[in-house]
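Participant: Sequence lines, in order, name chains A, B, C and D. Sequential numbering from 1 applies to the first sequence in UniProt numbering. Sequential numbering from 1 applies to the second sequence in UniProt numbering. Sequential numbering from 1 applies to the third sequence in UniProt numbering. Sequential numbering from 1 applies to the fourth sequence in UniProt numbering.
Simulated from the structure, these hints should not be mistaken for laboratory data. From a predicted model like this one, the values you see are computed outputs, not experimental measurements. Check before you lean on any hint, since a few could be wrong.
Claimed, not checked - Now the in silico label distances, taken between C-beta atoms and shown as ranges:
(1) A:324 x B:209: 46 to 56 angstroms
(2) D:75 x A:5: 13 to 23 angstroms
(3) D:388 x B:16: 54 to 64 angstroms
(4) D:356 x B:163: 34 to 44 angstroms
(5) C:357 x B:325: 26 to 36 angstroms
(6) D:4 x A:324: 29 to 39 angstroms
(7) A:384 x D:323: 32 to 42 angstroms
(8) B:212 x A:284: 50 to 60 angstroms
(9) C:345 x D:284: 51 to 61 angstroms
(10) D:323 x A:46: 49 to 59 angstroms
(11) C:121 x D:284: 46 to 56 angstroms
The beta-carbon is built from N, C-alpha and C at its ideal position, and this holds for glycine as well.
There are 4 protein chains.
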Amino acid sequence: MPTDPIKERVFRALDTFAIEIPSWGFANTGTRFGKYIQAAAATNIEEKFADAAEVHRLTGVTPTLALHVLWDLPNGVADAPKIQALVEKTGIRAGSINPNLFQEAEYKYGSICNPSAEIRAKATAHLLDSVAIGKALGAAEVSMWVSDGSNYPGTQSMRRRIGWMKEALAKTHAALAPGQIMLVEYKPFEPAFYHTDIADWGMALELARSAGPQAKVLVDTGHHYQGTNIEQIVAWLIELNALGGFHFNDRKYADDDLTLGSIDPYQIFRIFHEILFEQSKGGAFKSPAFMIDQSHNLKGKVEAMVQTVVTAQELYAKASLVDQDTLAKLQDSCSLVDAEEAFRGAFWQDVRPLLAEWREARGLPAHPLAALRESRYVERITEERREKNAGGGSSYA
Amino acid sequence: MPTDPIKERVFRALDTFAIEIPSWGFANTGTRFGKYIQAAAATNIEEKFADAAEVHRLTGVTPTLALHVLWDLPNGVADAPKIQALVEKTGIRAGSINPNLFQEAEYKYGSICNPSAEIRAKATAHLLDSVAIGKALGAAEVSMWVSDGSNYPGTQSMRRRIGWMKEALAKTHAALAPGQIMLVEYKPFEPAFYHTDIADWGMALELARSAGPQAKVLVDTGHHYQGTNIEQIVAWLIELNALGGFHFNDRKYADDDLTLGSIDPYQIFRIFHEILFEQSKGGAFKSPAFMIDQSHNLKGKVEAMVQTVVTAQELYAKASLVDQDTLAKLQDSCSLVDAEEAFRGAFWQDVRPLLAEWREARGLPAHPLAALRESRYVERITEERREKNAGGGSSYA
Amino acid sequence: MPTDPIKERVFRALDTFAIEIPSWGFANTGTRFGKYIQAAAATNIEEKFADAAEVHRLTGVTPTLALHVLWDLPNGVADAPKIQALVEKTGIRAGSINPNLFQEAEYKYGSICNPSAEIRAKATAHLLDSVAIGKALGAAEVSMWVSDGSNYPGTQSMRRRIGWMKEALAKTHAALAPGQIMLVEYKPFEPAFYHTDIADWGMALELARSAGPQAKVLVDTGHHYQGTNIEQIVAWLIELNALGGFHFNDRKYADDDLTLGSIDPYQIFRIFHEILFEQSKGGAFKSPAFMIDQSHNLKGKVEAMVQTVVTAQELYAKASLVDQDTLAKLQDSCSLVDAEEAFRGAFWQDVRPLLAEWREARGLPAHPLAALRESRYVERITEERREKNAGGGSSYA
Amino acid sequence: MPTDPIKERVFRALDTFAIEIPSWGFANTGTRFGKYIQAAAATNIEEKFADAAEVHRLTGVTPTLALHVLWDLPNGVADAPKIQALVEKTGIRAGSINPNLFQEAEYKYGSICNPSAEIRAKATAHLLDSVAIGKALGAAEVSMWVSDGSNYPGTQSMRRRIGWMKEALAKTHAALAPGQIMLVEYKPFEPAFYHTDIADWGMALELARSAGPQAKVLVDTGHHYQGTNIEQIVAWLIELNALGGFHFNDRKYADDDLTLGSIDPYQIFRIFHEILFEQSKGGAFKSPAFMIDQSHNLKGKVEAMVQTVVTAQELYAKASLVDQDTLAKLQDSCSLVDAEEAFRGAFWQDVRPLLAEWREARGLPAHPLAALRESRYVERITEERREKNAGGGSSYA
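The shape of chain A in the complex, shown without the other chains (with noise of 0.2 angstroms):
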């Protein structure tokens, strides 16, 4: 039991928090240039749903994971029976049902935003089989991702792709079962290089509240442009309750899909504040859905997630540290340096051994990774995937 306060306050926090991992974040992955195969990379859903029980069992904190429809469902709904079966023997439970609206070839001028009203309609039904996914599976959230956009100017009409695309959201929004989510993700650009028809976080909303009162912004981190104050845009959503969830990863230049922390990890911990601060107010504020989305294109997969669960759970074990009344008071009388020292004094803490000591508390292990190095996971399924892993290639050649 913890006696001390800063002890008591980490813990606390860490009760709370869970974060969701992404089916694709076990797959091959890569840039235009090629994919970077690696041996221990899962191959199917059932492997998915193995690596994704295997960082529960390491770190306590990942209980769902997101699925690709088109990926991880490729018969739609039917499907669903398949992954409740992967539910009951893993204990992982399904997470958002991400829909897949870029892959096809007839989506390359756009999906929802086509011109041709075929193709929106073809677009709209996947998104109709997503909802009907997640409540077959009782998924909290739909994630849509519309990736929608155009490369050069004057090639389609940014104006009337608006109206098609609300009518399109709405239809899925309708067929909502009571309390399920659909999140709405902005990106500026990538896939699409002039225009992306939901291009930042104020189009996002617009889009969310013209579907309906159960659609909300999917905040990505590496979805902004460069400068940006994420953060303010986070205490923004959470102001107008628009706050769906998150998508983590980290990123130096573009949509790089880096490991969460990895080369900013000072601003994933003001992001966390502004969820803490929210949640010291008492009221009845949900968390969003805190989620990770990343490529790991070089690291171990399984190795990799670990790590970011670890880097997330002490980065958000710093921001809980944060006293929220001292520092509203030095806001409050505009004493800079102090206000400043109290805040990131938090950031400068070294929880490491807290977060070993609650795990052990928990009845995890103290350190994950070198659990994970212990168990001889990676090497197993290594030898188990190698040969379907034979091959690779590149989407240039």
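Mind docking chains B, C and D on chain A? Use the hints.
Facilitator: Positioned in the frame of chain A, the structure of chains B, C and D alone reads:
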């Protein structure tokens, strides 16, 4: 009378195009490293009106002058009669009224977002005075640039400041005359460097809506992150009936306040296209206020203003040449190369001869810059103002 | 025969202008989210040569085809005779030879910068083979894009890798034939996200110098940080006699590989101006290699290439209209507005009619894009290649 | 005496760490929108030396004060004896000598790059005077920030200005005393917005080399494009034996001149790591000059300076904890996750207790900020300087 369709289209566009010039565009400006003093710079409101009248005489499309309360009406509404006399003398009308929330020492930690209720009240009073000035002068817009922000993480609560800002803006909105517009400007950074309380169009839109129906968003072309698709934001604001006006200028990196179209003329063309697209639909669309907001640090001020107005007309004329029907068809069929060529073909047209023709048809000098030189206006004001502009100085020294 | 000075100047410029097209510009490309398969895409080197010949037939200024070793000469120098036969058949010469250091799985942690001496040796052997190919085909340039880098701070020693890279480049330089040029390309990020071993022109220049006198810097217009003044880098490289060539394309945010001039045409004009300024001095300046490096993900490939070549010619023709003597005088007297108007007045000239005239005078189709459509070349190759281009796929799935 | 290895390593690092503070860091500064006047700001060189002495008394690691010629020695070398007297009185030595090439009205189009030979001669004379001051005061460095540039394409010849700049720098270098260092600083933009004559490290390096062997490059951490990997530039400059020193500060968007480590502390850690890596090799590496260059617009000036010095020490101490041998092995084996954890594990160590211990062991206050408050130094100077700091003003008004 124009008889060929190209000329007809350009003439029709030019006949409805006007752009507001700012009083501060004639005064000495600089960077934080020092002001650049020019002998011909306007040193008082009379000289600013005189310069504005000269620009209007040469171009015929700048009937209004944006006023800056602190610099042009230092006694607030009490100075309105003096301005009114200048209006009558010069024929230049009072344009948008611009409060100043950044210059007073006590606003260093914020004006309407300051933690101190007393300072917020003072700032709000200044806003109300600005509305009163607008009423007294029949000004169509009160243009709110809230420069508040903070320099260091943790030193201010971005979240709590939202509420204070909403309060002040609502009070200001309540004082508006019917038909008076409150413009809410956004800017990602500078003069504050960590956070600006109104950082992007999403925040400006929320604040405008929260203030009331006469509040609209102001787009300053220099107030965006690198890589932002500004014309898309314009399209969204038109869609949402929330576009109030523009502060035009250009930039290469930050808010450089260079002359419009000097760095990326194609971008301004694309912005004008979105306006003209909406107009082409024949609805009740009220054109947003086109305003110039530039710092002519090195260029001669009257010269730079004339050059800017001419460039704006040229880019507007080019945008008017886009054949909306043809373009829409090519967009619908996803004929990318043809759509792009139809679009930018208009940009490549050399409209300068048509502009000269239009000017002559309207009794204006065919070549405003040349006419300015012939008039020797700049030489005259240089003579008159040289002594007043002696000195100079750095904000660092 | 041109008789007026404008025409004369444009014709003279166009007569010396040629631009190289890349074999991979005719093949299927995509983003990390999936390749965009086009029925008419070239699927082998014969088809690439055929497409290049068609572009040259239509434009008359693309006599060479850049080759990519791994894709076009999979057996290395052993494939040179096959290429030579295509050269003779189509009249298109072998352009720059492009080694591939990014596609092999073992290069995931680096090729010539890999900590493993064995892998570095393999990569160096590939570079030497590329030089041998260049010799066999009489190619003027070997173009080195070293895609090496790392994704996370601390995971590789940026410092120690410099030495390894120098060693490999020196060995490659030593193998060059007299007159053969080694181009060293730079890029700030992608496919590595934390550091790229040759991140900017400064590093490329140091490496080129360290390699030897036949090594020069290659400027890819999409490989710069946002806000970079690329024409200034070009001016410096000319000053230092170190400019080897260009990879032209355009971008809005990252290395988007869009068609040249599609986003910021004024920038390309300014780059051409620096070249033409040096030429106007009448010295021994050898024009750098102009090459296109684009990914025509959505636009038809032959169509996009013709459009690009035409745009390049137009912007080059515009730049040739800058009167260097007049401009220099205005710059010397710091007559800013006049200098700017003299400069960009050239940009505003509509040179399209002059280009049509020049083409006809040179026995070329006046309107290459229209001529392409009339020829029904694309329809023909679509028919021939449709089956080979069935399928498609994502690099994520 | 430290006995455990961690402490030993930190103590050894701290014992060799010193950082120079700038005289202008104690004076009033601001943005282009106005200066922020502080009652306690230093108003003359005596007060700047007094403040510097106080910072050194509290931290023990700031023995030198950077001087700004125009502000601190307005009569040039004639003021050297006055400075020398202050050195003797306070024990603070003269640090780098900073010429001013931006404040004079006649430098508006450039100083040593101005097309006017007369103005270039004047600017060069100022540089020579700065060298003379350096000699008179025994200053190790003359620090050249050439703020020259242009605001609009075409208005100046970037190319021709290179030659003029080389000439002036060569003359200045020729006047250096043996051992005196000329630092060449680079900056991508501001106060000029289209081009800066020394825009990046590549240009600075070329100019330094062209000037002579005593010229080195100065890295200001705020003078980079967004996304730049600064530590890589540092690594290259060390490799090339061309790193002269640093101007430390932090930024979120542009050259914001915020306190070091306030926005991205991990970046400073990585920069220090490159220095310490080179030191660990045991060669003749001379540590570059560490200097602070910040604008304490809102924070109390002495307070901000103490905070900055403490932060710099903490980040340096953290970087000293990286085990270079272990790291090199993990990098060689491409053990990415382990290498990253070995690297940033040092960053996560809370070194604050060790710093307090080191300070006490060296006879310094354990907590410099707290000691500053206890001393009531700021209250005292506020009293003394309040009247001198009355007023204020905007560079816009």
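Participant: Are residue 388 (chain D) and residue 16 (chain B) spaced within 54 to 64 angstroms by their CB atoms?
Facilitator: holds (56 angstroms)
Participant: So the hint says 34 to 44 angstroms: do the beta-carbon atoms of residue 356 (chain D) and residue 163 (chain B) match that?
Facilitator: holds (40 angstroms)
Participant: With respect to the beta-carbon atoms only, verify the hint that residue 121 (chain C) and residue 284 (chain D) lie 46 to 56 angstroms apart.
Facilitator: violated (32 angstroms)
Participant: Verify the CB-CB distance for residue 384 (chain A) and residue 323 (chain D) against the hinted window 32 to 42 angstroms.
Facilitator: This hint holds: roughly 35 angstroms between Cβ atoms.
Participant: Take a look at whether the Cβ-Cβ distance between residue 357 (chain C) and residue 325 (chain B) falls inside 26 to 36 angstroms.
Facilitator: 31 angstroms Cβ-Cβ, so the 26 to 36 angstroms window holds.
Participant: Return holds or violated for the Cβ distance of residue 4 (chain D) and residue 324 (chain A) against the range 29 to 39 angstroms.
Facilitator: At roughly 36 angstroms between Cβ atoms, residue 324 (chain A) and residue 4 (chain D) fall inside 29 to 39 angstroms, so the hint holds.
Participant: Does the Cβ pair residue 75 (chain D), residue 5 (chain A) satisfy 13 to 23 angstroms?
Facilitator: About 59 angstroms separates the Cβ atoms of residue 75 (chain D) and residue 5 (chain A), which means 13 to 23 angstroms is violated.
Participant: Can the suggested window of 49 to 59 angstroms be confirmed for the beta-carbon pair residue 323 (chain D) and residue 46 (chain A)?
Facilitator: violated (41 angstroms)
Participant: The hint says 50 to 60 angstroms between residue 212 (chain B) and residue 284 (chain A); measuring C-beta to C-beta, is that right?
Facilitator: violated (28 angstroms)
Participant: Per the hint of 46 to 56 angstroms, is the separation of the Cβ atoms of residue 324 (chain A) and residue 209 (chain B) within bounds?
Facilitator: violated (29 angstroms)
Participant: Holds or violated: the 51 to 61 angstroms window for the beta-carbon distance between residue 345 (chain C) and residue 284 (chain D)?
Facilitator: holds (57 angstroms)
Hint compliance for this structure: hints 1, 2, 8, 10 and 11 are not met, and every other hint is.
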